[in-house]
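Asker: Going down the list, the sequences are from chains F and V.
If you count by this note's numbering, then the first sequence holds residues 75 to 303, one letter each, in order.
If you count by this note's numbering, then the second sequence holds residues 4 to 221, one letter each, in order.
Just so you know, the hints here were simulated from the structure itself, not pulled from any lab data.
Among the hints, a few may not be true.
[Stated by the list, open to error] Looking from chain F toward chain V, a few residues come up when the C-beta cut is under 8 Å (computed):
#, residue
1, Leu114
2, Leu169
3, Trp252
[Claimed, not checked] 35 Å max Cα-Cα, derived DSBU-like pairs, lysine-lysine:
#, chain 1, residue 1, chain 2, residue 2
4, V, Lys139, F, Lys240
5, V, Lys65, V, Lys81
6, F, Lys157, V, Lys65
7, F, Lys213, V, Lys81
8, V, Lys61, V, Lys81
9, F, Lys157, V, Lys61
Glycine included, each C-beta is placed from N, C-alpha and C at the ideal position.
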Amino acid sequence: MNGIHDMGGLHGFGAVEVEADEPVFHARWEGRVYAMTQQLDTRGVYSLDEHRHEIELMGTPSYLLDGYYGRWLFAMERILDRKGILTRAEVDLRLSEIGADALAPTRPDREARHWPLAPEELTPWGAWRRDRDADIVPKFAVGDRVRVRNLHPEGHTRLTAYIRGKVGTVSIVNAQAWVLPDTRAHNRGENLQPVYNVDFPADEVWGPQAEPNVTVKVDLMEDYLEREV
Amino acid sequence: MAHDHHHDHHHDGHSHGHEELERPWQAVRTEAVESLLADLGIIDPARVDEIVRYYEEKVGPKTGARVVAKAWTDPEFKARLLANGLEACAELGIGGPETEYLHVVENTPEVHNVIVCTLCSCYPWTVLGLPPAWYKSSAYRSRMVREPRRLLAEMGLPLQDDVRIQVWDSVSEIRYLVLPERPAGTDGLTEEQLIEIVSRDSMIGVAKLPVQDQGSQS
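Here chain F stands alone, though its shape is the one from the complex:
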């Protein structure tokens, strides 16, 4: 989807602020959110692509203000709610009980939820299906000229906006079986395919505002590309 998360080329964000002696996590809750997400992902509760797409659905002001791990928390809560694993009402109740220093918060009813997930509901971890590599026959080779398809899907994609319609040259063929994020994010299958790194001369992308002697190298799924004739 076209949204604020797709930041390549945007103006107006100012200087990059570098923090000296930065901690790994700036607050305890950031580490908790990170580690909980990793546990839920590796256990197949939700995939990386669902996680990213949920973040894309945040409103623009929240996306910019909530911070990196704030986005992760948002995604976790919404996905768990949508899947019936933990509802927003339960989180709000627990929140009010924490705020009131309740000694014995309401115990969640283990039966009243979609848990545990059935095996077919679990998302296999990772994006590379190495056991399926033999099925992959790349359409493009190193040196091929390719044009990025001009696609604007409403759902999830990793096809960044700033290179849509642009012509580049394949520089790396990752001829392994990679999950297509566009379909897995919506539980519509893995659609295994190669990932290409494609070189775009800066002036192909940025026109007269391009800097000299710059190549932008973007990783792209095979479905995002067509042969340039």
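Starting from the known structure of chain F, fit chain V onto it as the hints suggest.
Answerer: Using the frame of chain F, we list chain V on its own:
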């Protein structure tokens, strides 16, 4: 789309009711979610502790520095590293579930590589740990693909126009690590000493390593 959109963004709805809380709303909200998921047996808080400690204490830029120092001192290892990053890292006991495939890209006097992810903040966690805040910032993500010369100069790395800049927008599940140039003045250093001079920023590509004064090398 299958997603429902009827919930407002959560903190729009609750922030007014919890202004009495002294901690940031996200800290309290995280505690609520974690305690519920733990009550239900969906997550294991002890495992959460372990993962947090792993990223705080066990993995970080020092891991990548070991890879770089080895590549500088062992040409055969370097060749294997450039051919298949993760397989070569595994020779050093480096690996983990977070990175599935790694390309190592070599900086030279003629070609400078720098890594960004414009769509989120993809980063080679297995070799560099978690990314710094600036790598995740809107400014870095928006600007590095469009004006890398200007941004690198602002970040302290001016490059001449005859140096080709390659900006890797790592938006797939393939990860990238920059192999920085070995600086002058390091011929006499051991691999262990070399590890100490490799900075995180040089492995992202926003810095070069400074010439070392061997006389004062500690």
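Asker: With reference to the structure, classify each hint as holding or not holding.
Answerer: Hint-by-hint comparison with the structure:
no., hint, result
1, Leu114, "holds, 7 Å"
2, Leu169, "holds, 4 Å"
3, Trp252, "holds, 7 Å"
4, V:Lys139 - F:Lys240, "holds, 26 Å"
5, V:Lys65 - V:Lys81, "holds, 18 Å"
6, F:Lys157 - V:Lys65, "violated, 39 Å"
7, F:Lys213 - V:Lys81, "holds, 30 Å"
8, V:Lys61 - V:Lys81, "holds, 24 Å"
9, F:Lys157 - V:Lys61, "holds, 34 Å"
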